[in-house]
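Got chain A sorted already, so can you dock chain B onto it with the hints?
Number of protein chains: 2
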Amino acid sequence: MYSKNIPKIIIARLPIYLETLEMMHKEGIRKTSSKELGNRLGITAAQIRKDLSQFGEFGKQGTGYPIDTLICELKGILNLNHVWDVAVIGAGRLGLAIAQYPEFIHRGFHITLIFDNDPELINTRVGDLTIQDSTHLVEIIKKSNIKIAMLTVPASSAQKVAEELVKAGVQAILSYAPVTLNLPTDSVQVLHIDPVKQLQQMTFFLD
Amino acid sequence: MYSKNIPKIIIARLPIYLETLEMMHKEGIRKTSSKELGNRLGITAAQIRKDLSQFGEFGKQGTGYPIDTLICELKGILNLNHVWDVAVIGAGRLGLAIAQYPEFIHRGFHITLIFDNDPELINTRVGDLTIQDSTHLVEIIKKSNIKIAMLTVPASSAQKVAEELVKAGVQAILSYAPVTLNLPTDSVQVLHIDPVKQLQQMTFFLD
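Read top to bottom, the protein sequences are chains A and B.
Read in the working numbering, the first sequence has 150 at position 150, and its numbers run on one by one without any break.
Read in the working numbering, the second sequence has 163 at position 163, and its numbers run on one by one without any break.
Read the hints as simulated data drawn from the structure, not as lab findings.
Careful, some of the hints might be misleading.
[Claimed, not checked] Interface residues of chain A toward chain B, partial, derived using beta-carbon atoms under 10 Å:
| # | residue |
| --- | --- |
| 1 | G38 |
| 2 | A97 |
| 3 | V179 |
| 4 | P184 |
| 5 | T185 |
| 6 | V190 |
| 7 | I193 |
| 8 | K197 |
| 9 | L199 |
| 10 | L206 |
[What the hints assert, rightly or not] Listed below are the simulated BS3-like cross-link pairs for lysine-lysine, each with C-alpha atoms no more than 27 Å apart in a straight line:
| # | chain 1 | residue 1 | chain 2 | residue 2 |
| --- | --- | --- | --- | --- |
| 11 | B | K142 | A | K197 |
| 12 | A | K197 | B | K8 |
| 13 | A | K167 | B | K197 |
| 14 | B | K75 | B | K50 |
| 15 | A | K4 | A | K75 |
| 16 | B | K50 | A | K197 |
| 17 | A | K143 | A | K167 |
| 18 | B | K142 | B | K4 |
| 19 | B | K197 | A | K75 |
| 20 | A | K197 | B | K75 |
| 21 | B | K197 | A | K142 |
| 22 | B | K160 | B | K8 |
| 23 | B | K8 | A | K35 |
| 24 | A | K197 | B | K31 |
| 25 | B | K160 | A | K197 |
| 26 | B | K50 | B | K31 |
| 27 | A | K50 | A | K4 |
| 28 | A | K8 | A | K160 |
| 29 | B | K8 | B | K50 |
No residue lacks a Cβ here, since even glycine has one placed at the ideal position from N, Cα and C.
So here's chain A without its partners, still in its complex pose (with noise of 0.2 Å):
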């Protein structure tokens, strides 16, 4: 167990490192080096090194990593060692896609719930997923046990159904919504993506 004070930027870090590790080794590629590892990222060698050392010791100096031992070290720090399941929350469009979107379970996170208010939409069918009534959401995410959830419903129900799914043990919800979400910080892990917000930091650079 690690500790939890280490700086999140520090934790974003990791998947990226994570990611690269596993495309070398699928190269064939057995060993790297920050140095080697930092000319892929755009990161400094000094910058992997320090992030790599808040978690103990990774390879020797002047020999490198081997890869293999690095990834399985970010995936037990990371807590990917085993695959978690999912809930989306909001059977619309986006919804849906991801709900289809194979990349989830390829790394990790298996889509088991899905949930909308809509009764045209619910008890229809998504993949191998049934949508579920959303009135229901409390009790059906608290008995599966799950912990993780996205969240695709429109910004005006955000926050409401960000509380409920605190109230049903979810400890980490990924937000499509555009809205801040309002939440205990020390019980749930909230992180936002947000489309435009990433297309108006690149028009600063356009003519």
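Positioned in the frame of chain A, the structure of chain B alone reads:
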């Protein structure tokens, strides 16, 4: 015109400031301080003052910022004073969800083109758009003078399509494909949306 050498991490915070200011304005608030803004965002007042100082003088020491002026200035800095046309490449589930997501046009991005290479999709309609054949992507985008594209093609074709976008004069790519794109950084901005990486950084904090 502002220096393009301002750190990207600062530019990335500007859309967040903008969103919060717009929300405050909607709430009827007319003036704010870096302290109040910081409280809403969980960022220090010093950081906000330092970020804004990169772009000149805003407000007077001690009297706070008039919100409407600050919104206007931020929009100017981010080049958001006009609507940007955007092309979506890939009309799978995610591409279709994006093409019909109202938040883009509400916040200044107008999706005017959508492409796919699937003969069954080409020439079918999505809202007001007709799916175009991606074989003609370069010439169509060039002619339309579009500078921004969202990439929702499979990982295996993302690099090839991204290179075509650069050839077509696109200067900003928001990619949903779970691969690193290798493109000339002097001619194109690239950002990625990868929900799996965001889930992976939250699982660190889960029990």
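These are the hints, each one checked on the structure:
This hint is violated: A/G38 has a C-beta 14 Å from the nearest C-beta of chain B, more than the 10 Å allowed. With a least beta-carbon distance of about 4 Å to chain B, the hint placing A/A97 at the interface is held under the 10 Å criterion. Among the interface hints, the one on A/V179 holds; its C-beta lies about 8 Å from the nearest C-beta in chain B, closer than the 10 Å criterion. With a least beta-carbon distance of about 13 Å to chain B, the hint placing A/P184 at the interface is violated under the 10 Å criterion.
Given hint, A/T185 at the interface with chain B, holds; its Cβ is 9 Å from that chain's nearest Cβ, closer than 10 Å. Nearest Cβ of chain B to the Cβ of A/V190: about 8 Å, under the 10 Å cut. The hint holds. Here the hint on A/I193 is kept, as its CB sits about 6 Å from the closest CB of chain B, short of 10 Å. Of the supplied interface hints, the one on A/K197 holds, with its beta-carbon coming within about 4 Å of a beta-carbon of chain B, less than 10 Å.
For A/L199, the interface hint holds, since its Cβ comes within 10 Å of a Cβ in chain B; the closest pair sits about 6 Å apart. At about 5 Å, the closest approach between the beta carbon of A/L206 and any beta carbon in chain B falls short of 10 Å, and the interface hint on this residue holds. For the hint pairing B/K142 with A/K197, the CA-to-CA distance comes to about 25 Å; that is within 27 Å, so the pair holds. Using a Cα cut-off of 27 Å, the hinted pair A/K197 and B/K8 holds, with the two alpha carbons roughly 13 Å apart.
With a C-alpha separation of about 25 Å, the suggested pairing of A/K167 with B/K197 holds against the 27 Å cut-off. At most 27 Å may separate the alpha-carbon atoms for a hinted pair to count; B/K75 and B/K50 meet this at roughly 18 Å. For the hint pairing A/K4 with A/K75, the CA-to-CA distance comes to about 16 Å; that is within 27 Å, so the pair holds. A C-alpha spacing of about 21 Å is found between B/K50 and A/K197, which places the hinted pair at or below 27 Å, so the restraint holds.
A C-alpha spacing of about 12 Å is found between A/K143 and A/K167, which places the hinted pair at or below 27 Å, so the restraint holds. For the given pair, B/K142 sits about 24 Å from B/K4 by alpha-carbon distance, which is consistent with the 27 Å threshold. Distance check on the hinted pair: B/K197 and A/K75 sit about 12 Å apart at the alpha-carbon level, within 27 Å; holds. For a cut-off of 27 Å, the pair hint linking A/K197 to B/K75 stands: about 12 Å separates their Cα positions.
The hinted pair formed by B/K197 and A/K142 meets the criterion: a straight-line CA distance of about 25 Å does not exceed 27 Å. Pair hint B/K160 plus B/K8 holds up; C-alpha atoms about 26 Å apart against a cutoff of 27 Å. Proximity of B/K8 to A/K35 is assessed by CA-CA distance (about 22 Å); at most 27 Å being required, the pair is judged to hold. Taking the CA atoms of A/K197 and B/K31, the gap is about 23 Å. The hint holds against a cut of 27 Å.
With a C-alpha separation of about 26 Å, the suggested pairing of B/K160 with A/K197 holds against the 27 Å cut-off. Distance check on the hinted pair: B/K50 and B/K31 sit about 19 Å apart at the alpha-carbon level, within 27 Å; holds. Restraint check for A/K50 and A/K4: the C-alpha separation of about 17 Å stays at or below 27 Å, so the hint holds. For the proposed pair A/K8 and A/K160, the alpha carbon gap of about 26 Å is at most 27 Å, so the pair holds.
Restraint check for B/K8 and B/K50: the C-alpha separation of about 14 Å stays at or below 27 Å, so the hint holds.
Figure legend: structure checked against the earlier numbered hints; hints not met, in rising order: 1 and 4.
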